[in-house]
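*Asks:* Just so you know, the sequences run in chain order A and B. Residue 0 is where the first sequence starts when you use numbering that gives the first Met the number 0, and the numbers rise one by one after that. Residue 0 is where the second sequence starts when you use numbering that gives the first Met the number 0, and the numbers rise one by one after that.
Bear in mind the hints are in silico, worked out from the structure with no lab data behind them. Misleading hints may appear alongside valid ones.
[Said to hold, decoys possible] Once the Cα atoms are required to be at most 27 Å apart in a straight line, the calculated BS3-like pairs of lysine-lysine come out as:
{"id": "1", "chain 1": "A", "residue 1": "K339", "chain 2": "A", "residue 2": "K427"}
{"id": "2", "chain 1": "B", "residue 1": "K297", "chain 2": "A", "residue 2": "K427"}
{"id": "3", "chain 1": "A", "residue 1": "K425", "chain 2": "B", "residue 2": "K95"}
{"id": "4", "chain 1": "A", "residue 1": "K425", "chain 2": "A", "residue 2": "K339"}
[Said to hold, decoys possible] Computed from the model, here is a short list of chain B residues facing chain A with C-beta under 10 Å:
{"id": "5", "residue": "R79"}
{"id": "6", "residue": "F85"}
{"id": "7", "residue": "R109"}
{"id": "8", "residue": "Q110"}
{"id": "9", "residue": "Q111"}
{"id": "10", "residue": "Q113"}
{"id": "11", "residue": "A149"}
{"id": "12", "residue": "G218"}
{"id": "13", "residue": "F299"}
{"id": "14", "residue": "F307"}
{"id": "15", "residue": "M310"}
{"id": "16", "residue": "D311"}
We put the beta carbon where it would ideally sit given N, CA and C, even for glycine.
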Amino acid sequence: MLVALALGLPIFTIASFLLHPSNEVWQHLRATVLGEYLFNSAMMVVGVGAGTLVIGVGCAWLTSLCVFPGKRLFAWALLMPLAFPGYIIAYTYTGMFDFAGPVQTWIRELTGWGFRDYYFPEVRSLGGAITMFVLVLYPYVYLLARAAFLEQSVCVLEVSRTLGCSVWSSFFRVALPLARPAIVAGLSLALMETLADYGTVSYFGLGVFTTGIFRTWFGLGDAAAAAKLAAILLLFVFTLVVVERWSRKRAQYHHTSSRYSSLPQYRLRGYRAWLAFLACFLPLFLGFLLPAGQLGIWALQTYDTMLDSSFVELTRNSVLLAASAATLAVALALFLGYGKRQFDDRAVSASIRVVATGYAIPGTVVAVGVIIPLAWFDNRLDAWLREQFDLSSGLLLSGSLFALMFAYMVRFLAVSVQSVESGLGKIKQSMDDAARSLAYTPPQILLRVHLPLMRATVLTAFLIVFVDVMKELPATLILRPFNFNTLAVRAFELAGDERLADSSTAALMIVAVGLVPVLLLSRSIATSRVGS
Amino acid sequence: MTSQLDVEKLDAGYGDLQVLDEVSFALQPGEIGCILGPSGCGKSTVLRCIAGFEQPWGGRILIDNVEVGSSRSNLPPERRNVGMVFQDFALFPHLKVEDNVRFGLQRLDRQQQQARVQEMLAIVGMLAYAQAYPHQLSGGQQQRVALARALAPRPAILLLDEPFSSMDVDLREQLAREVRSILKQENSTAVLVTHDQNEAFAIADRICVMHEGSILQQGSGYDLYHRPVNRFVADFIGQGVIIPATVLGPTSVKTELGVISGDDPVDAEPGAIVDVLIRPDDVLHDDDSPDSAIVVEKAFRGADFLYFLRMDSGVEVMCLAPSHHNHRINERIGIRLDVDHLVTFVRTQGDINLSSND
């Protein structure tokens with residue numbers, strides 16, 4: 000409850016601006032760019048939603064219930080794009096496909112065409128941005144949908160077959176509805192990520208809410224109008240959260256059967272097998288292999304100048320920051336989830352809802368939402384100390400790692416809470432009761448029953464937060480202590496200067512570090528299905 | 000007082016809804032009690048109160064003469080030394096059978112744990128499956144493991160919440176007898192909750208019939224069948240019909256099928272009209288009898304036939320006849336009464352005659 004209140008503070012700060020009277024800048028924004036922001040944001044949500052849904056659910060189904068060449072490999076390899084931050088893949092694709100990039104140059108050499116002689120899709124566009132987001136965000140849907148498919152009891156699928164459903168219609172009529180809570184959760188993660196992105200859209204020069212907030216804040220210098228934009232964005236996100244919760248509430252599935260056996264495997268042959276192969280290979284290739292390859296080539300050209308002692312320090316900073324944030328987020332999520340389960344209380348539920356909205360709030364806004372109350376506290380403390388003891392505490396909190404960690408919690412706690420809650424939902428109440436009747440106290444039950452059963456879920460939560468923090472850009476940019484740099488900040492700065500090749504070493508490092516937990520996780524979800 | 004379990008005037012409920020109304024019963028050490036009642040009568044709530052998952056609104060619960068639950072204080076389940084077998088067994092899916100059984104033995108040392116696990120698995124006949132995971136077991140096997148897990152720490156009371164409801168009907172009575180012999184072997188005091196009277200008869204020493212949050216009657220199965228205290232118990236336990244009769248004296252009544260005399264006094268003045276419970280085994284098929292009735296329906300049950308008969312007055316009775324007496328529907332057959340226990344109910348406003356099926 001207290002945790003939720005503290006983490007809700009920045010959100011409330013921003014939300015309160017919704018009620019502020021509009022000023023001149025706001026009138027100007029409304030007359031000129033607000034429509035564009037709305038249109039672009041809506042298009043991105045629709046496009047990214049459809050794209051991640053098709054790719055994520057499709058691949059999850061293929062890799063969990065069908066047999067075709069490469070299936071085992073794809074099962075984990077499909078998660079790899081998760082290691083790519085949107086802005087890095089955006090630089091990479093721009094570098095490859097823009098006018099001076101290798102692809103267009105090659106086409107011109109091959110055909111002898113010149114400038115404007117041919118049509119080539121522009122990477123730095125709305126469509127391009129949607130494509131980039133789909134390529135790196137589909138693993139969220141894939142991850143959760145696959146876990147849900149693997150957890151389904153074979154009985155219900157067989158029942159549907161005996162009731163006259165074909166393999167495909169039992170997918171649509173049984174497996175998909177059963178997996179819906181998980182899919183919706185994955186989708187809402189992907190969409191929140193889309194709405195919160197700053198790096199990609201600013202690099203592409205797209206007018207959406209996040210870039211608008213940044214521009215208004217730093218360009219027009221109007222914090223109130225920026226916060227107002229943020230508040231509108233918050234409304235969208237809140238709608239998303241409500242829709243997600245509502246759909247989940249109607250489908251609180253426990254295990255549908257207590258008996259498990261290995262899942263049926265539909266063997267695909269001939270062209271079907273190759274289609275399945277292609278369907279899984281394309282997202283992997285476009286979302287990981289191709290951009291990683293390009294980054295690798297750039298890195299080979301520039302690594303000797305970029306790889307120095309400061310680079311090691313950057314890496315260490317990033318990993319430490321991400322690991323501690325992830326640990327803290329998981330611990331808090333367990334605390335909240337367990338509290339909610341134990342005392343099914345409206346107030347606790349409501350405060351968890353509030354915390355959950357943090358994920359969709361752009362890092363910029365979280366940063367400022369954090370810094371306003373913290374700075375206020377710092378100033379008060381400083382003033383009080385001066386008055387009483389003639390001491391100066393300076394900016395105790397607002398310029399420290401504490402502020403950064405606080406912002407990470409505000410922003411990413413939702414991820415871990417969501418995973419932990421859905422994991423807890425799968426543990427029947429009677430198991431708690433059974434353990435208590437065997438003389439276990441609630442904390443012991445958490446340790447001995449819930450944790451082993453939720454290992455995969457907890458690992459998922461840890462991993463997603465870890466990778467997210469690694470990739471996080473705007474909040475880190477604003478809140479990091481003086482002279483404290485991370486890989487993401489470095490890569491962004493270099494790419495912003497159009498030194499794409501130079502940024503590649505840091506970018507590649509982010510991707511590589513992000514990959515380690517992805518691989519760990521993929522192994523664990525492959526083996527975590529009870530009974531396999 | 001030597002009771003192992005005392006439930007005294009227990010009131011409980013959820014939110015604003017009172018579910019239990021002054022429920023009282025007691026069990027001696029080693030006694031197996033059963034709470035029998037239709038679904039929704041509150042029987043599971045009694046178990047949850049004994050286990051400590053719910054706090055009583057009123058009354059109190061004593062285990063081994065120590066108060067564990069009342070409206071003032073409630074000992075948490077983990078400190079009550081109560082074992083419980085759940086309807087869905089609630090085995091831990093991530094633990095092997097032996098680790099499930101070991102789960103409640105954390106206070107013993109390694110060697111004692113192992114010995115107790117082996118002992119329990121042997122008792123329930125699951126030694127061969129010690130290394131299996133719950134999902135590899137059949138429902139009956141899962142249930143034995145759940146029973147072994149609950150009994151392993153030697154609980155003061157074992158609670159079983161409809162433990163056979165997910166079993167095949169054929170298996171239930173057999174399993175109930177098996178469970179009874181295991182409980183007797185371990186000398187456990189146990190409370191079982193069920194809606195199935197055959198299970199209750201097979202397992203319990205003492206049965207409490209519960210309806211709408213109250214215990215209507217408690218006793219052995221024999222008592223409940225032959226001396227039901229009211230119409231609900233008469234209807235819920237066994238089959239039978241209720242027919243009108245005229246009171247003749249303090250212990251006898253006259254019915255259409257003759258005079259019935261019993262040991263228990265009739266609670267009405269001579270000449271008054273009362274209702275009499277007639278069980279199927281009270282009506283004998285006798286071709287020489289002056290009384291007769293028409294076969295309306297019949298049910299073949301292997302060793303015997305259950306006939307539904309209509310007498311000339313229109314009153315229907317049931318008759319249990321050996322299975323070689325095969326009569327057609329609409330045939331007239333001779334019957335006579337042979338009632339061991341006279342059960343009468345005084346008529347009050349609003350009483351309705353019970354239908355003929357259980």
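*Asks:* Would you mind marking each hint as holding or not holding in the structure?
*Replies:* Structure-based check of all given hints:
{"no.": "1", "hint": "A:K339 with A:K427", "verdict": "15 Å, holds"}
{"no.": "2", "hint": "B:K297 with A:K427", "verdict": "45 Å, violated"}
{"no.": "3", "hint": "A:K425 with B:K95", "verdict": "19 Å, holds"}
{"no.": "4", "hint": "A:K425 with A:K339", "verdict": "15 Å, holds"}
{"no.": "5", "hint": "R79", "verdict": "8 Å, holds"}
{"no.": "6", "hint": "F85", "verdict": "4 Å, holds"}
{"no.": "7", "hint": "R109", "verdict": "16 Å, violated"}
{"no.": "8", "hint": "Q110", "verdict": "20 Å, violated"}
{"no.": "9", "hint": "Q111", "verdict": "15 Å, violated"}
{"no.": "10", "hint": "Q113", "verdict": "17 Å, violated"}
{"no.": "11", "hint": "A149", "verdict": "7 Å, holds"}
{"no.": "12", "hint": "G218", "verdict": "28 Å, violated"}
{"no.": "13", "hint": "F299", "verdict": "32 Å, violated"}
{"no.": "14", "hint": "F307", "verdict": "38 Å, violated"}
{"no.": "15", "hint": "M310", "verdict": "49 Å, violated"}
{"no.": "16", "hint": "D311", "verdict": "52 Å, violated"}
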